[in-house]
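Peer 1: Same order as they appear, the protein sequences are chains S and G. Reminder that position 128 of the first sequence reads as 128 in this note's numbering, one-by-one numbering, no gaps. Counting from 1 along the second sequence, just add 260 to a position and that's the residue number in this note's numbering.
Hints listed in this document are in silico derivations from the structure and should not be mistaken for laboratory results. The beta-carbon is built from N, C-alpha and C at its ideal position, and this holds for glycine as well. One should not assume that every hint holds.
Unchecked claim - Computed Cβ-Cβ distance ranges for the label pairs, DEER-style:
id	chain 1	residue 1	chain 2	residue 2	range
1	S	PRO55	G	VAL590	55 to 63 Å
2	G	PRO477	S	ARG160	28 to 36 Å
3	G	GLY620	S	GLY231	18 to 26 Å
4	S	SER34	G	ALA598	49 to 57 Å
5	S	HIS76	G	ARG558	50 to 58 Å
As the list claims (entries may be wrong) - Reference listing, derived: stretches of chain G covered by chain S, where coverage requires no fewer than 3 residues with Cβ under 8 Å from a Cβ of chain S:
id	stretch
6	300-307
7	323-336
8	378-388
9	418-426
10	555-567
11	574-583
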Amino acid sequence: MGTRKSRPRLAVWKFASCDGCQLTLLDCEDELLSLAAEVEIAYFLEASSAPGPGPYDLSLVEGSITTPDDAARIRHVREVSKHLVTIGACATAGGVQALRDFADVREFASVVYARPEYIATLATSTPISANVPVDFELRGCPIDRRQLLEVITAFLAGRRPVVPSHSVCVECKLRGNVCVLVAHGTPCLGPVTQAGCGALCPAFNRGCYGCFGPADTTNSRALNAKLRVLGMSDPELVRVYRTFNATEEQFVQASEEAGG
Amino acid sequence: MTHKTLRVGALSRVEGEGALLVDVRDGRIADLRLSIYEPPRFFEALLRGRAFDEPPDITARICGICPVAYQMSACQAIESALGVAVTGPLRDLRLLLYYGEWIESHTLHIFLLHAPDFLGYDSGMAMAADHREHVERGLAVKKAGNELVATLGGRAIHPVNVRLGGFHRVPRRQELAPVAERLRRAREDALATVAWVAGFDFPDVEHDYRFLALRHPSEYAILSGRPAVSDGSSFPVEDWPEHVVEEQVPGSTALRARLDGTPGYLTGALARYALNSRRLSPLAREAARDACLGEVCRNPFRSIIVRAVEVVHACDEALRIIDGYTEPDVPAVPVEPAAGVGHGASEAPRGTLYHRYRIGADGLITEAAIVPPTSQNQARIEMDLRDLIEPRLGLARAELAALCERAIRNHDPCISCSTHFLDLRLDVR
């Protein structure tokens, strides 16, 4: 047990989210027990009822900031964390709940709740980086299991994670997928979406719907022109960019180009 | 007058965030509230104005643990609004996908969230130090469920292959062969799991539950069925809004679901088992018999056995579907937008999940309603807690708090499905 004292301390935090990204850690069935031997999983409420006190060497943060209390709590998380990594579209881009940013949140609350005055909520759903400095952002709705293991391994080894920022198109070529956009005329956001999923949707004869957020260099104007040729209306274009990563700058521009 | 307050902050080993407040006065519980502080995400509001075919992908994001449940309830609600029926091999594939989620979600709950309570550990990882063989077996079954979902859906969390009318692409027969191989081992492991959990020590507690679960003429209902109640009544899914009414109780901020006017009914594993156990697969029935479950189980702590039996059933039925699988001619039946209202319900691992959508003539959604299992169960969980702890108020505070957490975990609450939960902290005096 003597060596265990020096194990790096890992914490997993949840804000507004579906739990899917932290579940990804528990979905590492083959690695979970060896990971638990390598690091001390010091704070992970979904999995453990024995939260250990900070500070933590690596904090994985899931979810977006949508309440005044959470805005305070994320500052605490930053203070007790040596490294802070956001996991998933909510923590990195505000998530699907950021669609409130384009609407009136009080009207939203009145639709869902009979007594909306009891709802403590902010008008926007912001990514963690809008609230505190972030050391790395892992994209995806949900994140990819292999990328999560790479990020944890890299931070524990003191190096930058190797997570590509090119588009899904590259992954399609690597996987040997037929291009659904060119060959089938299926609308696809692959050209403007960051890789990481393994080009899943095209492998299932479906167009990419952008759940990993924008790639590092995008030309959405050209893609929009192509998607219009394939029959997409401007309101449809606005909707596809405004789903799980609606507040990402490139997707905001792309939806605005379509009149959103 | 003696007065003490028991507060269990930040519930652990549940999916999502909640807390419990109990007020004790003169040895009686004056107030007990399960508080959910999961921030609201307003799904029912943000779905308005979205296209009729978007809810399966969008509502999957309500819960990362049971996204398939959301996809299936959403698909069926919209298909019913548009007069589409998905039958035959496409329906079988939906069932198969759903069984994968059941295996994954139940095994997660059994091994990593629930079993540590019975063996005295803080987590499944800590439990693995002394019970590695069991935890590894559980992880292997969980992986089999995840691989089934990933094979059919593309990935285990938020699968990409589900669409209205069926799928984007259906699997080739040979793609299912390695999954079947793993499921055969998982079925054996699931049987061993039933025997393992049946040997736990269970608190001697029974509650007089009123159960609600879907019932199907020939299946242990999971994908579809008619909502049935343990008093013998049942109703078509379309009548759900007349029978299940969510309301705010005066003096509290929580929404409570009432079933035919009465609050505090239970949905989930115990309810399904009580109403449908005769429709379990023969192997699962045998496992239930060997575990001495009886016809109805009213001890919520023993729900871990019911979930283990349901995993046997899910493995067994998944294998039956794979064995008889023939590739459908088309991956999906056509679904065209039209004005209408549709209702859909399915059995999420933690209980009945109801969706309703109103679609306009332009194909856009004008109204959405989602009733997740945990908001239905919340009042009943509070009743469990009252019944359980009032006679045990003499226990040490830490012991009592731990018992409360266990009583909540018994019902596998998925607090992320917080479409209807309120922030209760404002009401705390």
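Peer 1: Decide, hint by hint, whether the structure agrees.
Peer 2: Verification of the hints:
Taking the beta carbon of each, PRO55(S) and VAL590(G) are about 56 Å apart, inside 55 to 63 Å as hinted. With their beta carbons about 58 Å apart, PRO477(G) and ARG160(S) fall outside the hinted range of 28 to 36 Å. At roughly 20 Å, the beta-carbon separation of GLY620(G) and GLY231(S) lies within the given 18 to 26 Å, and the hint holds. The hinted window of 49 to 57 Å between SER34(S) and ALA598(G) holds, with their beta carbons roughly 53 Å apart.
Between HIS76(S) and ARG558(G) the Cβ separation comes to about 43 Å, which falls outside the hinted range of 50 to 58 Å. Counting residues of the stretch 300-307 of chain G whose C-beta lies closer than 8 Å to any C-beta of chain S gives 7; at least three are required, and the coverage claim holds. Counting residues of the stretch 323-336 of chain G whose CB lies closer than 8 Å to any CB of chain S gives 4, so the stated coverage by that chain holds, three being the minimum. Given a C-beta distance limit of less than 8 Å, the hint that chain S covers the stretch 378-388 of chain G holds, as 6 residues qualify and 3 suffice.
Restraint check on the stretch 418-426 of chain G versus chain S: 4 residues with Cβ-Cβ distances below 8 Å, three needed, restraint holds. Look at the stretch 555-567 of chain G against chain S: 0 of its residues bring a Cβ nearer than 8 Å to a Cβ of that chain, fewer than three, so the hint is violated. For the stretch 574-583 of chain G, the assignment as covered by chain S is violated, since 0 residues bring a beta-carbon within under 8 Å of that chain's beta-carbons and 3 are needed.
The structure fails hints 2, 5, 10 and 11 (numbered hints given earlier, in ascending order).
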